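Participant: Take a look at the letters that make up each chain.
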Amino acid sequence: AQSVTQLDSHVSVSEGTPVLLRCNYSSSYSPSLFWYVQHPNKGLQLLLKYTSAATLVKGINGFEAEFKKSETSFHLTKPSAHMSDAAEYFCVVSETGRRALTFGSGTRLQVQP
Amino acid sequence: EAGVTQSPTHLIKTRGQQATLRCSPISGHTSVYWYQQALGLGLQFLLWYDEGEERNRGNFPPRFSGRQFPNYSSELNVNALELEDSALYLCASSRERGGNQPQHFGDGTRLSIL
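Protein chains in written order, with our numbering: chain A, 2 to 114; chain B, 1274 to 1387.
Hints are computed from structural coordinates only; laboratory data are not their basis. Everything hinted at is true.
Label-pair distances were calculated between CB atoms; the ranges are:
#, chain 1, residue 1, chain 2, residue 2, range
1, A, Gln46, B, Ser1385, 18 to 26 Å
2, A, Lys43, B, Gly1301, 17 to 25 Å
3, A, Ser15, B, Thr1303, 43 to 51 Å
4, A, Thr78, B, Leu1312, 27 to 35 Å
5, A, Gln46, B, Leu1312, 15 to 23 Å
6, A, Gln46, B, Glu1324, 24 to 32 Å
7, B, Leu1312, A, Thr6, 18 to 26 Å
8, B, Arg1336, A, Ser31, 29 to 37 Å
9, B, Gly1325, A, Ser27, 31 to 39 Å
10, A, Met84, B, Arg1295, 32 to 40 Å
11, B, Arg1330, A, Gln46, 23 to 31 Å
12, A, Pro19, B, Arg1288, 42 to 50 Å
Chain B stretches covered by chain A per the calculated footprint, using a threshold of three residues with CB under 8 Å from any CB of chain A:
#, segment
13, 1309-1320
14, 1375-1381
Note that this is a predicted model, so its numbers are computed, not measured. C-beta: ideal position from N, C-alpha, C; glycine also.
Please work from the sequences and hints to get the whole structure.
Facilitator: As structure tokens, then:
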């Protein structure tokens, strides 16, 4: 069985400071991992994906994530937060073949001016 | 390229009624997925359709059903609506069945049960 744990339900940063959103996963097989962002009353937008290639994955809007198998982690980072980054972020795991995504509980990112 | 489109945006029903939600995938995508995002329960997988067939199902009762049409669009039907069915229903689509192509989401249908 697969599962995802997002370690922080809320993260608040100041504009221009780094962002770190933490995610740990559990999977019986080699997983694919994703980060999605959801703005209020909107669907989910794919930020980036890891599918067993490079362990450091670059995504859209300056976000990146590093896959660390030894720590079963896939933390999302951004060097400098922007006001428009305020949203809910979901760490997601998918096992090859099942195609059903398992979502973390989400981290709400607040960006203070 | 047009994204995943869902209709209606909002749907208000009463207990015991039936609801039909619709989804059009991105052109070229053959797989359609349905998810429920209920307050306090997070995002949960409902159904996966590919090439017109149901391929996988989440832990939901049989009154949640759907189908995929030859043009790959999909319907989600919820029968005998209950108050706890109030949620945002998200549809996603992806390319071919094999591998782990990312899923692209629509903006959802907000279903409210009175």
